[in-house]
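Q: Each chain, letter by letter, is given below.
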Amino acid sequence: MATPFGSMSIGELQAGLAAKEFSAAEVARGTFERIEAADGVVHSFLETTEALALDAAARIDGAIAEGRLAEMGPLAGVPVGYKDNLNLTDTHTTCASNMLRDYVSPYTATCVERTLRAGALPIGKLNMDEFAFGGSTETSAFGPTRNPWDTERVPGGSSGGSAAAVAAGLVPVSLGSDTGGSIRQPGSFCGLVAVKPTYGVVSRYGVVAFGSSLDQVGPFARSVEDAALVLNAIAGRDALDCTSQPSDVDFTANLAEGVRGMKIGVVPAFLEAAGLAPEVRAKTQEAALALEKMGAELVEVELPHAQAAMSAYYVLGPCEAFSNLARFDSVRYGYCDPGHKDLGSQYEASRARGFGPEARRRIMLGSYLLSAGVYDTYYYPAQQVRTLITRDFAVAYESVDCILAPVAPRTAFKLGEIGDPTEMYLGDMFTISINIAGNGGMSVPVGLGADTGLPVGVQLIAPPFKDANMLRAAAALETVYGPAPVAPDYADGKVGA
Amino acid sequence: MKTLEEVFETWEAVIGLEIHAELTTLETKMFCGCKLEFGAAPNTHTCPVCLGLPGALPVPNRAAIESIVLAGLATNCDIEKHSMFYRKNYMYPDMAKNFQTTQGPIAFCMRGHLDLDVDGRGAAERYRLDALAPGERDGNITRTEDGYVAHVGITRIHMEEDAGKMVHLGGGEGRIAGATHSLVDYNRAGTPLIELVTEPDLRTPEEARLFMQKLRQIYLALRISDCSMEEGSLRCDGNVSLRRRGTTAFGTKTELKNMNSFKNLHDGLAYEICRQAEVLEEGGVIYQETRHWDPSAKRTIVMRVKETADDYRLFPEPDLAPYDLTDEFIEGVRAKLPELPDQKAARYAADFGLTSYDARHLVERRATADFFDECMALAATEADGGAFAKPLANLIINDVTAWLNAHEGEALVATPLSAARAVALVKLTVADVISSKQAKEVFAAIMDEDADPEAIVEARGMKQVSDTGAIEAVVDEVIAANPDEVARYRDGNDKLIGFFVGQCMKAMRGQGNPKIINELLAKKLR
Numbered sequence: 001m002a003t004p005f006g007s008m009s010i011g012e013l014q015a016g017l018a019a020k021e022f023s024a025a026e027v028a029r030g031t032f033e034r035i036e037a038a039d040g041v042v043h044s045f046l047e048t049t050e051a052l053a054l055d056a057a058a059r060i061d062g063a064i065a066e067g068r069l070a071e072m073g074p075l076a077g078v079p080v081g082y083k084d085n086l087n088l089t090d091t092h093t094t095c096a097s098n099m100l101r102d103y104v105s106p107y108t109a110t111c112v113e114r115t116l117r118a119g120a121l122p123i124g125k126l127n128m129d130e131f132a133f134g135g136s137t138e139t140s141a142f143g144p145t146r147n148p149w150d151t152e153r154v155p156g157g158s159s160g161g162s163a164a165a166v167a168a169g170l171v172p173v174s175l176g177s178d179t180g181g182s183i184r185q186p187g188s189f190c191g192l193v194a195v196k197p198t199y200g201v202v203s204r205y206g207v208v209a210f211g212s213s214l215d216q217v218g219p220f221a222r223s224v225e226d227a228a229l230v231l232n233a234i235a236g237r238d239a240l241d242c243t244s245q246p247s248d249v250d251f252t253a254n255l256a257e258g259v260r261g262m263k264i265g266v267v268p269a270f271l272e273a274a275g276l277a278p279e280v281r282a283k284t285q286e287a288a289l290a291l292e293k294m295g296a297e298l299v300e301v302e303l304p305h306a307q308a309a310m311s312a313y314y315v316l317g318p319c320e321a322f323s324n325l326a327r328f329d330s331v332r333y334g335y336c337d338p339g340h341k342d343l344g345s346q347y348e349a350s351r352a353r354g355f356g357p358e359a360r361r362r363i364m365l366g367s368y369l370l371s372a373g374v375y376d377t378y379y380y381p382a383q384q385v386r387t388l389i390t391r392d393f394a395v396a397y398e399s400v401d402c403i404l405a406p407v408a409p410r411t412a413f414k415l416g417e418i419g420d421p422t423e424m425y426l427g428d429m430f431t432i433s434i435n436i437a438g439n440g441g442m443s444v445p446v447g448l449g450a451d452t453g454l455p456v457g458v459q460l461i462a463p464p465f466k467d468a469n470m471l472r473a474a475a476a477l478e479t480v481y482g483p484a485p486v487a488p489d490y491a492d493g494k495v496g497a
Numbered sequence: 001m002k003t004l005e006e007v008f009e010t011w012e013a014v015i016g017l018e019i020h021a022e023l024t025t026l027e028t029k030m031f032c033g034c035k036l037e038f039g040a041a042p043n044t045h046t047c048p049v050c051l052g053l054p055g056a057l058p059v060p061n062r063a064a065i066e067s068i069v070l071a072g073l074a075t076n077c078d079i080e081k082h083s084m085f086y087r088k089n090y091m092y093p094d095m096a097k098n099f100q101t102t103q104g105p106i107a108f109c110m111r112g113h114l115d116l117d118v119d120g121r122g123a124a125e126r127y128r129l130d131a132l133a134p135g136e137r138d139g140n141i142t143r144t145e146d147g148y149v150a151h152v153g154i155t156r157i158h159m160e161e162d163a164g165k166m167v168h169l170g171g172g173e174g175r176i177a178g179a180t181h182s183l184v185d186y187n188r189a190g191t192p193l194i195e196l197v198t199e200p201d202l203r204t205p206e207e208a209r210l211f212m213q214k215l216r217q218i219y220l221a222l223r224i225s226d227c228s229m230e231e232g233s234l235r236c237d238g239n240v241s242l243r244r245r246g247t248t249a250f251g252t253k254t255e256l257k258n259m260n261s262f263k264n265l266h267d268g269l270a271y272e273i274c275r276q277a278e279v280l281e282e283g284g285v286i287y288q289e290t291r292h293w294d295p296s297a298k299r300t301i302v303m304r305v306k307e308t309a310d311d312y313r314l315f316p317e318p319d320l321a322p323y324d325l326t327d328e329f330i331e332g333v334r335a336k337l338p339e340l341p342d343q344k345a346a347r348y349a350a351d352f353g354l355t356s357y358d359a360r361h362l363v364e365r366r367a368t369a370d371f372f373d374e375c376m377a378l379a380a381t382e383a384d385g386g387a388f389a390k391p392l393a394n395l396i397i398n399d400v401t402a403w404l405n406a407h408e409g410e411a412l413v414a415t416p417l418s419a420a421r422a423v424a425l426v427k428l429t430v431a432d433v434i435s436s437k438q439a440k441e442v443f444a445a446i447m448d449e450d451a452d453p454e455a456i457v458e459a460r461g462m463k464q465v466s467d468t469g470a471i472e473a474v475v476d477e478v479i480a481a482n483p484d485e486v487a488r489y490r491d492g493n494d495k496l497i498g499f500f501v502g503q504c505m506k507a508m509r510g511q512g513n514p515k516i517i518n519e520l521l522a523k524k525l526r
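First to last, the sequence lines map onto chains D and R.
Take the first sequence: its position 222, counting from 1, is numbered 222 in the numbering used here, and each next residue is one higher.
Take the second sequence: its position 248, counting from 1, is numbered 248 in the numbering used here, and each next residue is one higher.
Do not take every clue at face value.
[What the hints assert, rightly or not] Reference listing, derived: stretches of chain R covered by chain D, where coverage requires no fewer than 3 residues with Cβ under 8 Å from a Cβ of chain D:
(1) 38-52
(2) 91-102
(3) 316-328
[What the hints assert, rightly or not] Far from chain D by the CB rule (all over 10 Å, computed), these chain R residues:
(4) 63
(5) 213
(6) 247
(7) 403
(8) 409
(9) 419
(10) 424
(11) 481
(12) 486
(13) 520
(14) 524
Derived by calculation from the structure, the hints in this document are not laboratory data.
The beta carbon of each residue, even a glycine, is placed where N, CA and C say it ideally should be.
Taking the hints into account, I'd like the entire structure generated from these sequences.
A: What follows is the structure, encoded as structure tokens:
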């Protein structure tokens, strides 16, 4: 059986298109056929966008016929899936919530628009935890996504659909969003290259907000190069997001440089953290030694306030979410509970029924934390902690080019295994401080854990706007561990166990 | 209920104002590129940002920041270089995001003031004045020769966005009570709004009215808002409380809304002061509540009772970076400050010798001040241009203002009276070609016929007779024809001079130079 297009790299796809081994329309149609065949159990896609993809493919094929493929952009003919909190005109943007079950976007997010301008074929919208609240994609109102490596297990979250679709070889790349680890943790659970860029690298315009000061969009891919190519397409200043910054970096430029001469920080306290699974600790140490062996210098760094990141996050995140989700009030769009005679009861019933339990929990938490008398006790100190953590990282970066850390404390867990929300929150212990400080961070696959046999990722963390540093180190690790494989049951065109 | 004058015998009112101005002269909204336009079809000037669609983000309008800095500089505020936007969280359908983007504890403009010239003629104002000698100060007021100056503190001016507009159908007169449907027009949503908050430094409804008028003149001079109280682009809420004269503790305040004209502001506050006095004197208590001024019923009605302070869960807006204004930016804005009404009035007095009364009236409307400036620029080319100032001021303050008041909605610039015609008209009086009485007739003819004053004078044969010989002959005739009156006049009945002037004028068909007639009569009747 021919290799499915979704299992190819961007380079392979474009070489095939250039050599006219296949057309962009064939890529699009083949991708939808594969999703139809292989996504039933995994359930990564919530909506597929055949018409949009075929339109885009027709433009690519027209250009190929005229010998202008090179003009069509770095993602020409590449199938891309989008997390369902990214707006794309005329498609649903549900955020995996009953609140937005019927909501159709009248506009397109800048990051999505930029992939389209780079020639991407928009394949569809991907499942997620409701409004990105969660780490397992189990809180989706449309049912969970399953991990292609073991469909009894979660793909991680909140960008679980974005991770699973790439891990199952349905699409070569996808976009997710990361507020406290929502790209990196599913990247680790599904064994992918998954990048949360520095806050400000990618425009947030059109990304349904969870925590506005923490959210950042980034790619999932099976190779560092593919991730870098997507990043090149979506990065940069956007006049519609005044927190976005100019980016003149070619993220693919230094991937082949190796790590010789790089100083890579390791945080002893992270490796000693209670709750860190031995197989994850072992893999992290193994990756550190691999980098050292390739010529990097390992430097121990301290992040003394990192243990407070979790507390700060669960103050700041819910506060911003409470306010960001206030607009879902049943009046202009979204779920409206019928039959109410006054506004107050319509608001209450629509929001009580439209939002799932985790969304309600965060809204109530944020509402409480911002209320008079409470604000000074929580919100203000949390901002102070934020400043301290940002300073910790700044001090560390005086002596290192990037930092190596675990991503998640363990490999993918089973559906339903974690019922206690606070236990679920602890899964973000190594990723949250990066959002708090606004740094770039990424998950790089380093093979399978010795105990569970499931994918393990390590996290590379870069100073603000030095995302190229972590990509360079990640590319070096890739020379040791190889590019991320498609999950075995979905490799070579298989459609599951 | 007692009159305001009676209330003030016992009570002192403490008034603070919150004044919202929409920056209507800007092209676009505060946080998106939608056009600002009053009266467009509902929901035609909207986009994902001002509709609060999921994923939309605000981008601040730099011109709006310039406008608020202009307002701050013109009202003696400190401009805060570092300030932030905040989210004020509350749910209502006219606010699509269910939070209003506003400013936090530090606004762009802080700690300003305006000085009000109060004539002190009103009964309510006299209480402030009677105890003071000219030049003496008490609290925030300083007695002057013809009244007092009230120094009114401005707490802050902050930037925020307006909400959409609700329309309720099915109830009476568009009210929400009894309505079956409510519609929202988001054209207004996101309109840049600046809110000025005063210190509780005002003591009478008249002072409040003067403050509002002065602020309106300043905003108009700055060209940052059309300041239409009727259309709601300038809105005012008042906070009022009473305390016994001689005490310093504040009483419980009520917040007064719907004062959409200077008269309503004055009358609403006056009513509320009297109402509170009555409640207090009957042993009742004032509740902290929001009240609505009903101008037709001439009373205030409770809108809602505030048992506890509203909890708006204010926190810094994470989608907007903290604002850092540079010295260059602030100085650049300062360089754009136009001449303000007070400065203009002072200049008129100093350069043209106008009385402060005339000067203040000229600057009351930007259009009349601009027109006066234009006229004086033309008059400067005349040999005795300086002599034109007073008659020009009279023309504008009396005839032009009366005409504009009678022709509501007409702009001075669009009338037949060009500056050149005004100067030509005044030149005819200054040169004694026509009398001031004839000048009024010529003014009316200019407005009616759209003709030049010289042509009107020519066509109507209106030239004033200043030939002393001709006038003397008439004066002699009148004296000869009225021996009884001459005798009575000589017996000391001075008022009869008017009779003689009138007789002379009548004989000369209104064209005699009154100055010369008066002089000759005085001489010959002695």
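Q: Does each hint hold? Answer for all of them.
A: Checked hints:
Evaluation of the coverage hint for the stretch 38-52 of chain R: fulfilled, as 3 residues show C-beta separations to chain D shorter than 8 Å, against a requirement of three. Only residues whose beta carbon comes within less than 8 Å of a beta carbon in chain D count, and the stretch 91-102 of chain R has 6; three or more means the coverage holds. For the stretch 316-328 of chain R, the assignment as covered by chain D holds, since 4 residues bring a beta-carbon within under 8 Å of that chain's beta-carbons and 3 suffice. Even its closest Cβ contact with chain D, about 15 Å, leaves residue 63 (chain R) beyond 10 Å, as expected for a residue assigned away from the interface.
Taking the minimum C-beta to C-beta distance to chain D, about 37 Å, the non-interface status of residue 213 (chain R) holds against the 10 Å cut. Every C-beta of chain D lies more than 10 Å from that of residue 247 (chain R), the closest at about 30 Å, which supports listing it as non-interface. Remark: the non-interface label on residue 403 (chain R) is consistent with the geometry, its nearest Cβ contact in chain D lying 49 Å away (cut-off 10 Å). At the 10 Å boundary, the C-beta of residue 409 (chain R) stays outside the reach of chain D, the nearest C-beta of that chain being 37 Å off.
Every Cβ of chain D is farther than 10 Å from the Cβ of residue 419 (chain R); the closest lies at roughly 44 Å, confirming the non-interface assignment. Every C-beta of chain D lies more than 10 Å from that of residue 424 (chain R), the closest at about 54 Å, which supports listing it as non-interface. The Cβ of residue 481 (chain R) lies farther than 10 Å from every Cβ of chain D, with a closest approach of about 86 Å, so its non-interface assignment holds. At roughly 86 Å from the closest C-beta of chain D, the C-beta of residue 486 (chain R) stays outside 10 Å, upholding its exclusion from the interface.
The claim that residue 520 (chain R) lies off the interface holds: its Cβ sits roughly 79 Å from the closest Cβ of chain D, which is beyond the 10 Å cut-off. The claim that residue 524 (chain R) lies off the interface holds: its Cβ sits roughly 84 Å from the closest Cβ of chain D, which is beyond the 10 Å cut-off.
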